[in-house]
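Protein chains in written order, with my numbering: chain A, -18 to 310; chain B, 1423 to 1768.
One thing to keep in mind: the hints can contain errors.
Pairwise CB distance ranges (calculated) [said to hold, decoys possible]:
| no. | chain 1 | residue 1 | chain 2 | residue 2 | range |
| --- | --- | --- | --- | --- | --- |
| 1 | B | G1573 | A | E108 | 57 to 63 Å |
| 2 | A | W137 | B | G1736 | 56 to 62 Å |
| 3 | B | P1512 | A | E140 | 36 to 42 Å |
| 4 | A | E108 | B | L1744 | 25 to 31 Å |
| 5 | B | Q1485 | A | A106 | 35 to 41 Å |
| 6 | A | A95 | B | Q1485 | 27 to 33 Å |
| 7 | A | G112 | B | P1512 | 49 to 55 Å |
| 8 | A | F124 | B | G1736 | 58 to 64 Å |
| 9 | A | L23 | B | G1479 | 45 to 51 Å |
| 10 | B | A1575 | A | W137 | 23 to 29 Å |
Hints listed in this document are in silico derivations from the structure and should not be mistaken for laboratory results. Computed from a prediction, not measured in an experiment: that's the story for all the values here. Where a beta carbon is used, it is the ideal one built from N, C-alpha and C, also for glycine.
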Amino acid sequence: MSYSPALPLEGPSPVEGRERRDQRNDRWFRLGVMSCALFVLLALLGAALSMLWGAREAFGTFGWHFIWSSDWDPVQRKFGALVPIYGTLVTAAIAMIMAVPVSFGIAIFLTEIAPSWLRGSVSAAVELLAGIPSIIYGMWGLFVFVPFMASYVSPWLDEHVGPLPIIGKLFQGPPIGLGMLSAGIVLGIMVIPFIASVMREVFLTVPVQLKESAYAVGNTTWEVVWDVVLPYTRSAVVGGIFLGLGRALGETMAVTFVLGNAHLLSASLLEPGNSIAATIANEFTEADSSIYLSSLIALGFLLFVVTFIVLAIARLMLNRLARREGAST
Amino acid sequence: MTSLVRFRLKRPVAVLACVAASLLAVTAHAEDITGAGSTFVYPILSKWSNSYHTKTGNQVNYQSIGSGGGIAQIKAATVTFGASDMPMKPADLKAAGLGQFPIVIGGVVPVVNLAGIKPGQLIFSGPVLAEIYLGKITKWNDPGIAALNTGVALPDSKIAVVHRSDGSGTTFNWVNYLSKQSPQWKTQVGEGTSVNWPTGVGGKGNEGVAAYVNQIRGSIGYVELAYAIQNKMSYAGMRNKAGAVVQPTPASFQAAATSADWTSEPDFYQVITDAPGKDSWPIAATTFVIMYREPKDAAHAKAAFEFFKWALEGGQSDAQSLDYIPLPSALTQQIEAYWGKTFASK
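This is chain B alone, in the form it adopts within the complex (with noise of 0.2 Å):
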């Protein structure tokens, strides 16, 4: 019996051992990055983290725990880098000794579900977007939106209101645009990653606001253009600062990111929601990565900015097979000097 036991007992034994000896031989070579932010983010960072993977051997892990989350992370210096939907203030910024820089740019859409209304038929203006979710226009053929969709037949039915019920990024650009739409929206309600929404239902992550607004009759809700299209839902075309109506689509959002003064704000500090252009989309959003400037652990540091390098360098291909936007090249160029000039490690 005993050496039954034996007999079987050391062969697992022996197992871990190689699998641990194994282990630590890569770890040996190999800088583990550590990030945690922004789920809008996710999609490309996991693809990044996979191709630079292969290439380098070096892992990149990222928890997609909310961009709220990745900046407190960061602040806790558990992680080597966070990502964050919203950009934090230069101020806050150089108190906390962190640095950040944009890595990717994508688009929040509003979308709908009416019979009969196909892919980007619908057209909203910031205004009529914050009169919907404010809870004063409640009728889909309201003259406010009958006058932007003139020959669409609106049907005389409530609007259901779908927002986020979890703080998010994609609520923070959402709402910063309607408060730069709406003044009352920007009394009343005001912006953050979760506001004190007046009207509507709420689902959790973009997946639960598409599920609702595909569930929910007569809805109109807010996502990522990803999820907009992989759930081949309605999407709508907005009527931008330059008065032009515009669909979402990569052209608009990379004019969204173009038209944008990057240079303006220290640290990159821009919401290009409602950008000036007449191609530009309204509700462009951008992803944010914010590092400390002289990290304690350098050498992972320095090996997330290869990382990073690597990825707005040659990584931005797989973005757009993802539905984001290439970072415009004059801003790549602004980054890679910012890193030079912030960052100890670099």
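Same shape as in the complex, but just chain A (with noise of 0.2 Å):
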């Protein structure tokens, strides 16, 4: 664009003004790309001091009571957030439980050995199952996948591995479908893309000769995978993984179709439980006393904090490990 040939002569001389014109496009430049990441933090800081604002008389009235507490009394008016953060909690375990493995492989698979013909249309497939909204993901949980738990999964799991010690509570309870593992396994499905394809993309950066060497030395595929793709790109792998966990913490639609949306804390997976983001979509609308809607505020408030904790490990574990790297080496 500042290529033009008829470069006006006025000024000091033609070299002088365009390093001066340079240096400040450069400061604009600066300031433009600058002004891009404090939108983003300032964005963040608003979002969290409106929550906390609009939360101040629930915390106010329940105090740290409201982060143990399993009340949820509409009538009452009691309030606690413990039910809430532990469905949020449990479903995005076995979500993660199930999608890390599953995109493991999906990325293992395509990059390693899948011939190249197949390796686009599973590629675009993963993909594509990214872009369903998750409002159908709910639908085909509840229409679906809810009457295939209740009718072969629940029982199976009720009879058999419910009687065992300690496991076994987990899995008791009535062949109903809904629940926390059905809104597991469904988060798991929607983060299955997001985590796959990042792994996806970082093992292909992998340097060819690296891989070739291992190859060459007599290692196996899974040794070449373990030992040198995965070392190669661990630091990304584990932020794909939360970026998978970010997802599902936040989740609302699909699991408010599958969760069963009932305030009670049970230690089986085949008892409904209710969510973070469920309970404010389900509640929101009909928060008749400003102490209701501020304790739906505050749940928002809370996951706000359970997600930045969850990151913060994250980048934690990822720290300690580079740290770890750092001293092998």
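Please dock the two separately framed chains into a single complex, following the hints provided.
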């Protein structure tokens, strides 16, 4: 653009003028990109503060008790966040337990094993999965997956895994199909494309020489992936996993459909529960007292805090990994 | 290039101008009536507004955001009328400068998903429903249910309770009835548009409850009659206050509406659940319209009254076709008298 042939001849000299202009443009550019970054920070801070402001009545009334209390009684106006926080964490954990290995498998298959004609179509399918609106997952979950769980999976788990010591507690319950296990699995399917496509992208960045040398000295595909590809891409892979986790924690619509929306604290994964996002979506429009509304906003703030803590832990883990890497080499 | 762009631009601009002009022309004649609230009344209000628009050119924009939302919106004066399935207390109305009147009556029905049970075959009573929703009756062949249903083969399976997950006027009428029937429900749970459910799973909206009940074998839920009929669900009959068994039909809803004494409290403050009379459906529900006594925008309020007058007098056959109940004619007269006394813009 600035390559105009008719350079004006006024000013000290054409070259100096050009330099000054470049400096000025550079300054503008810096300001521009910095304000982009600041915008995110401001939006984040604004969201957090406005939620905290909206939540002041709930926090003021219930104090710390709000976080530990399992009450949720709109009639008595007693509210506590324990059930939704528990449901959010449990469903997200189930989702990750399911999604991480599957995504890992997809990424390994696509980068190491699949013939090249298959790679394109499977990658496209994975990315298409990411484009499906969450309400569709919710409807599918309710009309297809829940009946399947209710007639086959839940009764089987209740009968065969339920009587086992310790672990059995997790799998006792009525065969209604709705519940934390179903919600976790649907969430898992929803976050697979996010994790899988990040993993695939970063696996592709591993230099071919490294992999070929490993193969040349007789490593199996699994050894190459585990000892060469994964160490090389570890931080990006963990980043991808936490991208998926962030989405699982905040997902609303699909969870609302299959979680059962009951404010009950139960150890069993087959029992219905509630999540923070689902509670807000369900009850916001009809919150008829100011303390009710404030409690819902407080829930939103807690979701913010939970997500922040989870991501901070992820950062910490990454740093520690990086330090150990540095020490070993 | 530029001429082409200009040429292309010109026509949409001209079209936009035409559209804008015609819109302005329409709004110049018609009064836009805005309302918000109850989802229960949404199907009939949208049908009415459609007929009314073709008849008079006046538009009614109704947002079904829920009863609590309707009350909040009218209090904030962002709409001309609010609609709620839960009446406001006369004292609260007075404090906010509002008035309310019934506009349509419907009914809430228990629905079950049990193999081999036909619609209307199962009978419940208020105390039994309360025990089921308290989690005290957990099996279908419980003696309490069996005593009401002699001759019906009830399975030895668990009852899966389904309730609304969102706040709702339907829930209000349901738990109001349970509170009247069970002292334990009244003290332990109470009544409101959303409550602390002792047991069960929550579905979002009438359609959510209908979907859950259809999905889960051995479940029980509660929906408006229209949803039960549209989804071909097994609704149940009820034993009413007079001890008679009634089915959820327009006739039994009508009987409940007629038997209620609408003049006993000011501002029609009346929840007609557990209505007396041997033909009355015990869980009938009323939707109330809430408006300002002295509205700032008198022209819109006047247009709204014209609309409601038309709806009460001419629109009640539309209501019947959607499984709502026309208001008893005595009540219609009381409402119109109330308008004259209460609202400045009428």
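These are the hints, each one checked on the structure:
1. B:G1573 / A:E108: 57 to 63 Å: 59 Å, holds
2. A:W137 / B:G1736: 56 to 62 Å: 59 Å, holds
3. B:P1512 / A:E140: 36 to 42 Å: 57 Å, violated
4. A:E108 / B:L1744: 25 to 31 Å: 44 Å, violated
5. B:Q1485 / A:A106: 35 to 41 Å: With Cβ atoms ~39 Å apart, the hint holds.
6. A:A95 / B:Q1485: 27 to 33 Å: 51 Å, violated
7. A:G112 / B:P1512: 49 to 55 Å: Given a distance of about 53 Å, which is inside 49 to 55 Å, the answer is holds.
8. A:F124 / B:G1736: 58 to 64 Å: 40 Å, violated
9. A:L23 / B:G1479: 45 to 51 Å: 48 Å, holds
10. B:A1575 / A:W137: 23 to 29 Å: Hint holds: Cβ distance 27 Å, inside 23 to 29 Å.
This entry does not satisfy hints 3, 4, 6, 8, going by the numbered hints stated previously.
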